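Enquirer: This is what each chain is made of:
Protein chains: 4
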Amino acid sequence: MTDVKQVLRTQRIETPSWGYANSGTRFKVFPQQGVPRDPYEKVADAATVHRFTGVAPTVALHIPWDTVDDYQKLASYAREVGVGLGTINSNVFQDPDYMLGSVTHPDPRVRRKATDHLLACVDIMDATGSRDLKLWFSDGTNYPGQDDITARQDRLAAALSEVYDRLGSEQRMLLEYKFFEPAFYLTDVPDWGTAFSHCLRLGERAQVVIDTGHHAPGTNIEFIVAVLLRAGKLGGFDFNSRFYADDDLMVGAADPFGLFRIMHEIVQAGVVGPAGGIAFMLDQCHNIEPKIPAMIRSVMNVQEATAKALLVDRAALRQAQQAGDVLGANAALMDAYNTDVRPLLAELRSEDGLDPDPVAAYHRSGYADQIRADRADGQAAGWGA
Amino acid sequence: MTDVKQVLRTQRIETPSWGYANSGTRFKVFPQQGVPRDPYEKVADAATVHRFTGVAPTVALHIPWDTVDDYQKLASYAREVGVGLGTINSNVFQDPDYMLGSVTHPDPRVRRKATDHLLACVDIMDATGSRDLKLWFSDGTNYPGQDDITARQDRLAAALSEVYDRLGSEQRMLLEYKFFEPAFYLTDVPDWGTAFSHCLRLGERAQVVIDTGHHAPGTNIEFIVAVLLRAGKLGGFDFNSRFYADDDLMVGAADPFGLFRIMHEIVQAGVVGPAGGIAFMLDQCHNIEPKIPAMIRSVMNVQEATAKALLVDRAALRQAQQAGDVLGANAALMDAYNTDVRPLLAELRSEDGLDPDPVAAYHRSGYADQIRADRADGQAAGWGA
Amino acid sequence: MTDVKQVLRTQRIETPSWGYANSGTRFKVFPQQGVPRDPYEKVADAATVHRFTGVAPTVALHIPWDTVDDYQKLASYAREVGVGLGTINSNVFQDPDYMLGSVTHPDPRVRRKATDHLLACVDIMDATGSRDLKLWFSDGTNYPGQDDITARQDRLAAALSEVYDRLGSEQRMLLEYKFFEPAFYLTDVPDWGTAFSHCLRLGERAQVVIDTGHHAPGTNIEFIVAVLLRAGKLGGFDFNSRFYADDDLMVGAADPFGLFRIMHEIVQAGVVGPAGGIAFMLDQCHNIEPKIPAMIRSVMNVQEATAKALLVDRAALRQAQQAGDVLGANAALMDAYNTDVRPLLAELRSEDGLDPDPVAAYHRSGYADQIRADRADGQAAGWGA
Amino acid sequence: MTDVKQVLRTQRIETPSWGYANSGTRFKVFPQQGVPRDPYEKVADAATVHRFTGVAPTVALHIPWDTVDDYQKLASYAREVGVGLGTINSNVFQDPDYMLGSVTHPDPRVRRKATDHLLACVDIMDATGSRDLKLWFSDGTNYPGQDDITARQDRLAAALSEVYDRLGSEQRMLLEYKFFEPAFYLTDVPDWGTAFSHCLRLGERAQVVIDTGHHAPGTNIEFIVAVLLRAGKLGGFDFNSRFYADDDLMVGAADPFGLFRIMHEIVQAGVVGPAGGIAFMLDQCHNIEPKIPAMIRSVMNVQEATAKALLVDRAALRQAQQAGDVLGANAALMDAYNTDVRPLLAELRSEDGLDPDPVAAYHRSGYADQIRADRADGQAAGWGA
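Sequence order for the protein chains is X, Z, S and L. Heads up: take any position in the first sequence, counting from 1, add 26, and you land on the numbering used here. Heads up: take any position in the second sequence, counting from 1, add 26, and you land on the numbering used here. Heads up: take any position in the third sequence, counting from 1, add 26, and you land on the numbering used here. Heads up: take any position in the fourth sequence, counting from 1, add 26, and you land on the numbering used here.
Do not rely on the hints blindly, as some may be mistaken.
Pairs count within a copy or across copies, as identical chains cannot be separated in the list.
To be verified - Pairs of lysine to aspartate or glutamate residues, derived as DMTMM-like cross-links and limited to a Cα-Cα distance of at most 20 Å, are as follows: (1) K54 / E207; (2) K54 / D123; (3) K31 / D381; (4) K31 / D339; (5) K139 / D381; (6) K259 / E230; (7) K139 / D378; (8) K99 / E373; (9) K139 / D180; (10) K31 / E373.
Keep in mind that the hints were calculated from the coordinates and are not lab data. Since this is a predicted model, take the numbers as computed values, not measurements.
Let the sequences and hints guide you as you build the complete structure.
Expert: Okay, here's the thing in structure tokens:
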């Protein structure tokens, strides 16, 4: 148990600035009260999540949604409220020029514009001290024949190379893949194989990031985790959960068992803590639920899955696996999953000076009422701002 | 051939007013030029599609997007430009009150409001002379436990009954189902079985409408068509196509063979023309393609699939089926599918005084330039307006 | 807790005779040691599962795999070893005549033969005293055009009517649906809607049975449970689990959270015990794991899911649902799911004179060694015998 | 047109020996009449398919199903009847030892046995003069925890290396992936990314083979084709079609449009003919349809898709793509797809001395009657023999 707690203490989960802003579906964005109006307020909300959970010490930024004049000032505000600035996420999918693609667009002018945006994100990383540049491309096509698959791969490769070359020696490129949406026929980086092969070619600071909602139905995600870890090419996660497509529900809400199986691979590879070099990030859309407590719940769900994975009796597991004992090996894993780890985590929090129940503590804190009042006027931040 | 042409001449395809307005994904709505700014301009665009195809004589309205002060005036404008007003589509998914549901909402006040909107749609039908009220509910939940499945069914049933009872004797209720989105855990009307059982209970003027994009991966849609036809409960279609989820691509773009198989069931049941009582509607989002030529293309794709289905040698097919000749029966169907029916349709159009190539004729017509100029100012219509 | 235990004590889970025999995939059936060679030995194994779990008092038969000369004798043997004979399962998919269908076959001779088999199963029910006739049809087609969808529905309806009319007043027909396999284009009863509409027409003793592995990817099964319960048309379950298609893995192995959500609907409707009229059956293929301990584990998994569902704080849940408290309602459900109910079930077993750990008790019992020795010679039973 | 015909004349499609034998599902193998009883008769059937189509000059063997004492003799028989022996397929999934895996099995003894079988297949290649060794592994697990994902990858890598090193300088290893089945939780080579990364490591004579039925629902297969071609790592195809999982229906039967899109990438890369180094193989199970005419139909379907792809107006396509003309580019592709190429292929066959209608010619030939008579006695070959 002491060991389990020690590992849990090393865990770091990054929350996304856009997770505090309004989000929705193509049918409607339902506005919520108390939503941040600018990057500073997003950082303040992220700091609140960290204050109650103790394991979310950084916040990811999204450019241009989080564009500010002075990133030093934002970083120093973040430090003040108790968090750091983390991963920089680029956005090359909302400018009208990107309707048919960004770095894969048939028009070189648009590709240049998109690549310049990515390079500008590296400038911001220099200013914020961020380690990771996370790249997700919505690029793709909606109709067979609309564009040439191979030509688009060539264009993508060229842009990635240019950006990779611009990275500092301590900076990484995390390349994300997605099965579909918003492109509905071809997605230019649709699967881990594509992201992996581009990263291989680029070099060791290019790594794959797994968004748990970005797969075909039935995909065994922990397999991808294991294979990328084995190849030294797993850079991080965008955690969320889904029943159907990229539903972006709270982490662990749709498939808690799947989350546990992923964390089992992480624990087995010994990369729970920062030394493992894996960025554990959340990426979810709170369309109908209050954002801050949803984020707290998601952080806790990752913690609980990790705690369960740490409880697996690895010696018994390995022995059963070696013996071809199908039921015994499965039981070794399930025993850990079936354990209620909430008391253990409550104890850990208490030992570390946190409230054992972060959600209840948040509700008692009055923060929700305060932001509802403070942020009543002005324009709430959303995906487009 | 003469028979085939005769049946094709009876075909009627309704285009949706919202298909002429801007649409997009949750990531971005890319605005297009020349997009209508009000219901009158949408009707004008629909009339243009009819002018070049000859088989799209009505346009469906969506309330409140197409709310006008005087529906008689809109109807009379429509007649002037050569089309009629068709199905009335209700919208109970964009008011902030509907975040957790409309007619299935836990709060009776919201349910009342939603039901009142549906009743108001029937008032509009009375004014426009529309036969069909099409109901699609985005109602559902995102998280297990969020609400009670059974209670929501009860609330749905109550609202449907109230609206059904309000219908005139020549009016119908078409109930649409959808697998998921925007609800990501539970959808209250997720499949044809649910829609069917509600319609059964309501009475014979309640019928199911099939949106071809609203199914689980792998679903055999023509089976549903056949089963609903057999039960006398197929009211109509929302045609579009998809590779993944509800992609809303142009009809026939993703799976032309599937569209043919659907039309084969329609032809077999002898319900191609208006006497069959099936409403053939388009419902697609033109996110990246120009809307009017995309609509023309979709109408043509339905026609081509119908023409192929009409060419099936039904005697040979039946004989092979009866004989258990698997390859022969399949070949009878495929022979028709593999036929190039474009010459036949070109001939039909020429005979009927239409240009044999509707897309080219549209491009030559100057309509696109004209609306780009005429509609340069003002606010383009979109899904929200 | 007392209440929870009382309800758990009423639970009855039926195990399938074929679950003790060899099974496999189309690629290979890997034979196991100690597998029963006849229906008597299958019954003995089922009795063993009941002996250690206390909640599996009946065994389902499959005809003709379990054909015997004297069913009274088999029933009386079953009673001797401590179990009863349960549901009768028909098999109209393995005779060469059924290659293109059974009751939906284009040839009336084959339909007659198939229907006669179903009627013969009712005769067996009379002999065994079984309440339920479970019908699963592999009927369907592999190629578009191969047969007429509507004609096949007509033939199916005729056969079902004839069999339904033959049932005694205390006997039921349970109609199962399946998304696909072994038919790969059209399945004649592919979804709950089809099964439901046939059962509706037949009468109140015709009900739908849900096999948890028989759905399209992403299907919300608990919704179907709730809707069928609401309509009084849920007859029972074939429990198993899957990651992909009809994988037939041990119950609860692939998606324990899904199993819990199903049992939550069952608990909510108050139909856990026999008075509820729901038949809880297992139906799984143990391709690579020893069959008896796998069955014990499956029975325990159903129990654990039921126990968790019984622990849901229903008052808190309802209150949060009514208040539109998305996170609170979800948390009320998850609190129960996250509870470790194994101690509670161990206690229950001890109180009832059972070993608290059924799997360990089975392993200690020597039964596995004994059947390996006793059944070393002869022909092991499999799916085909 | 002359060019189109010239390319079509270079096309070579390999048929599989096992495609002439009995096959089925896990529920039943329905025996057919006239099925070959040994490898010689399978070769004779393959030669018949070639005789009528003119483009299927080789037959793939499957070891041990096609084990013979003297491969020279089999090769020389094949030459006599007009075909050659092609790809060697290994089988490490039907020996009882392989229940928990072959080259990834936890037990080194089993891995040794499996690897030795693969090496023995290379010996056979030396004897038959085959260029390609096709490896498909059913290896995987059914339950989470059953075995270690990473350890299995290590074992796989070791076995592949040993076999690769054994290959002659003109021999290739084609590594196949499969989404699932017969493994239902983890498949050790589940996707192109995994196959690709192993092949990359092995060297240039290791290449990926795409079975069109081995993907998750919705997967864009032509993207994988394009990406592997771009990387120089596409070795070949196992063609078949499916609506759901690995249905193994006749090529082009379920998604003729998808087959066309695949061939469009092949044509675009200029690798239709043998000089392109791509092995075009069929791999399908004729469960209910007569095997030889089904194979002829499949060969013709590949030809028709190729002919359509060759008809694409590539200049128009490229111009529309470059201009961002979504509808124009899609139309350029669809124009070719909508063309009826059967007259062109009939003409080509006539010019080359073949019957213009291969299926009709086969039926007239009397071959079916002859084999039904000749092979009435003895044991029909199946998947297991």
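Enquirer: Which numbered hints turn out to be false for this structure?
Expert: 5, 7 and 8
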